[in-house]
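Asks: Just so you know, the protein sequences line up as chains X and D, in that order.
With my numbering as the guide, the letters of the first sequence map in order to residues 1 to 359.
With my numbering as the guide, the letters of the second sequence map in order to residues 1 to 324.
To be clear, the hints were calculated from the coordinates, so they are not data collected in a lab.
There could be a bad hint or two in this list.
Said to hold, decoys possible - Simulated crosslink set (BS3-like; lysine-lysine; CA at most 27 Å straight-line): (1) D:Lys223 - D:Lys39; (2) X:Lys23 - D:Lys139; (3) X:Lys23 - D:Lys146; (4) D:Lys118 - D:Lys139.
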Amino acid sequence: MSIVWMQTCALFVDAYRELNARKLFWIALVLNALVVAVIGALGIDEKGVTIIVWHLEMPGVTSALFPPEQFYHTLFASFGVGFWLAWISTILALLSTATIFPELVTGGVDTLVSKPISRHRLYLTKFATGLLFTLAQVLVFTTLSFFVLGIRGGVWSIGLFIAVPIMLIFYSYLFCMMAVVGSLTRSVLASVIVTLLFWVFVWAVHVGEQFTLLGQTVQRVEISAIERRLGNAQTLDGRAPLEVDLSEANDSLGVWRPIHLSLYALKTALPKASETIQLLNRSLKDIADVPTADEEEMGDGAVAGRGFLGSKYARRRDVEAAVRSEMSTRPLWWVIGTSLAFEAALLGFGAWRFSRRDF
Amino acid sequence: MAVASDSKSMDHALDLTLVDKIYAGGVHALRGISMRVAKGEIFGLLGPNGPGKSTLVKVVTTIVRPTRVEGTVLGHAIGHMPTLGRIGYLPEHHRFPAYLTGRQCVEFFGAMTGVEKKQRQRRVSELLDTVGMLAWADKRLGTYSKGMQQRIGIASAMVNDPELVILDEPTDGVDPVGRREIRDVLLQIRARGTTVFLNSHLLSEIELVCDRVAIMVQGRVAKQGSIEELTRDSHCVRVVFSGDRPAWAAEAGGVAVMDRGRHALDFPKATSESVQPVLDRLRIEGRILHSFGEVRESLEALFMREVTDPTSGRARPIGAEAGR
Numbered sequence: 001m002s003i004v005w006m007q008t009c010a011l012f013v014d015a016y017r018e019l020n021a022r023k024l025f026w027i028a029l030v031l032n033a034l035v036v037a038v039i040g041a042l043g044i045d046e047k048g049v050t051i052i053v054w055h056l057e058m059p060g061v062t063s064a065l066f067p068p069e070q071f072y073h074t075l076f077a078s079f080g081v082g083f084w085l086a087w088i089s090t091i092l093a094l095l096s097t098a099t100i101f102p103e104l105v106t107g108g109v110d111t112l113v114s115k116p117i118s119r120h121r122l123y124l125t126k127f128a129t130g131l132l133f134t135l136a137q138v139l140v141f142t143t144l145s146f147f148v149l150g151i152r153g154g155v156w157s158i159g160l161f162i163a164v165p166i167m168l169i170f171y172s173y174l175f176c177m178m179a180v181v182g183s184l185t186r187s188v189l190a191s192v193i194v195t196l197l198f199w200v201f202v203w204a205v206h207v208g209e210q211f212t213l214l215g216q217t218v219q220r221v222e223i224s225a226i227e228r229r230l231g232n233a234q235t236l237d238g239r240a241p242l243e244v245d246l247s248e249a250n251d252s253l254g255v256w257r258p259i260h261l262s263l264y265a266l267k268t269a270l271p272k273a274s275e276t277i278q279l280l281n282r283s284l285k286d287i288a289d290v291p292t293a294d295e296e297e298m299g300d301g302a303v304a305g306r307g308f309l310g311s312k313y314a315r316r317r318d319v320e321a322a323v324r325s326e327m328s329t330r331p332l333w334w335v336i337g338t339s340l341a342f343e344a345a346l347l348g349f350g351a352w353r354f355s356r357r358d359f
Numbered sequence: 001m002a003v004a005s006d007s008k009s010m011d012h013a014l015d016l017t018l019v020d021k022i023y024a025g026g027v028h029a030l031r032g033i034s035m036r037v038a039k040g041e042i043f044g045l046l047g048p049n050g051p052g053k054s055t056l057v058k059v060v061t062t063i064v065r066p067t068r069v070e071g072t073v074l075g076h077a078i079g080h081m082p083t084l085g086r087i088g089y090l091p092e093h094h095r096f097p098a099y100l101t102g103r104q105c106v107e108f109f110g111a112m113t114g115v116e117k118k119q120r121q122r123r124v125s126e127l128l129d130t131v132g133m134l135a136w137a138d139k140r141l142g143t144y145s146k147g148m149q150q151r152i153g154i155a156s157a158m159v160n161d162p163e164l165v166i167l168d169e170p171t172d173g174v175d176p177v178g179r180r181e182i183r184d185v186l187l188q189i190r191a192r193g194t195t196v197f198l199n200s201h202l203l204s205e206i207e208l209v210c211d212r213v214a215i216m217v218q219g220r221v222a223k224q225g226s227i228e229e230l231t232r233d234s235h236c237v238r239v240v241f242s243g244d245r246p247a248w249a250a251e252a253g254g255v256a257v258m259d260r261g262r263h264a265l266d267f268p269k270a271t272s273e274s275v276q277p278v279l280d281r282l283r284i285e286g287r288i289l290h291s292f293g294e295v296r297e298s299l300e301a302l303f304m305r306e307v308t309d310p311t312s313g314r315a316r317p318i319g320a321e322a323g324r
């Protein structure tokens, strides 16, 4: 066995032992199992929802409207992935792994860097071992969900396990920030706070970009709608107000577009946490045939009305379809690739600082 | 990495010249250190707190990046990665993970230095036995006393069967019985042919086990050599007796001193033969002789002389100097 492989194995085994010794690791695992148990305890029949042996009559939620497999898929996608894994489980993982890098640079670093292992490799391997926590949590959650969906929903969908690599990638976006801040400041508290602020910042940029995309799309749909009407207008009196509206819509588009472009550029440089979760939803739909949260929101809630977001002619359904179309055209390399490029750059900086440092 | 071509380097486990380290804050921790440690010896580095002893050790083990360094470790340039696998190191304030057992800890460091699994398992048991920790091997480090952790640290530093083992304050926090046991372990290590570089401020410990020593003061090596060489100039013959001090003592070349409450005369650079007339005269004058023999300056006295400012007569300021 080569020394590189031996050292890598030793660091991973050590990381496992460290996790094993932490109560929070086991608490989080039990919580994951409990969440899946709650999903499994829920059921659906022709009258409504069942909770173990109790029945709740809900005419809007029956097996006639939602077949059991779709019911469990929806629970897994929207609650399991969208809420539990993307938020609660991620926060638990951040708290559990926050000590890894501050402890590395304050505790046993001298015994490790004096061994025949390059500092870059030590740093990056430590980073990889930090992902073990999330791997264990997501693996347990997905495996249990797989059995719940199989037993209760009657669908044995191996595609559910796509959640494991995607959630690992999602968590790595945040953990790289935690690793770098933790190794630079040697402070657990600072690394947690900066990582949470970074997450909020990434989320705020995402929300801003989505909002400006919506604003820009409204104007585009508005312009198309006006242009269609102009084509149909027969009289000069009928065209005049439309031309005024068209001019206003073009002016408005001229305001929205540069703001959106700026935010889009900023977002391109940052990890795309929300898009990665949406990518998971899309992947689940493609691979495991799980309906996405987007579709559910877009279903009955999409009102085919006029005057959406202050526009006169753009229909909500058309705007939302245009936004959804734009989102779906964003390629995988953009969502994952640019996010991993950010991660690589940040980790590269962290590893470089680590390699230049005196301990 | 360059392999040292100098044949003298090949005879030395450690051959350093002109090692300098200026920390980012401007502290000049090492000022042109030159040092040679022969293969198979126990070499003691001693000095007061903060003269750069640990910095020097950390430069050798690549934990601290030197500002300037020339020389070799085990025949290779400092930082040569495979050579690090031939070195064992116990840091001063080590913090081994509390969640590991003693056995797991030693095994972990064995794997990190590239010891194959079967060989590692065998060596771990042997070493735990050597340091007297076999009975505690499967208990977690968090339950160990400081002395027990030091023993595990020594076993961890030895797991790769190193050619050079560097121990930074190995008896720090260890009780007298434990210190003696650790000293015995060091002698066992030397008996295997391993070079031991011992960094300590405990003079008695150094004096008892080291073949050669270096005294560091304010980032420089003040003295270097065997204890015999370093104290040769202080060699004298001491005569201890009861009764009043003879008036002719100075005339005979004796220096009056006290030895455990008794009068004594020291005769610098004398031999047992050359002081026989003095013994005769003391006896004739009715004084009772208690002992006579060759003595030399203790390491402590030598050390104190080196760390004391001759102009003020007080100890030099602690620590390496800031700036130039």
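Asks: Now look at each hint and say whether the structure bears it out.
Replies: Against the structure, the hints:
1. D:Lys223 - D:Lys39: 20 Å, holds
2. X:Lys23 - D:Lys139: Given that 27 Å is the threshold and the Cα spacing comes to 19 Å, the pair holds.
3. X:Lys23 - D:Lys146: Distance ~25 Å between lysine 23 (chain X) and lysine 146 (chain D) Cα, so the pair holds.
4. D:Lys118 - D:Lys139: 22 Å, holds
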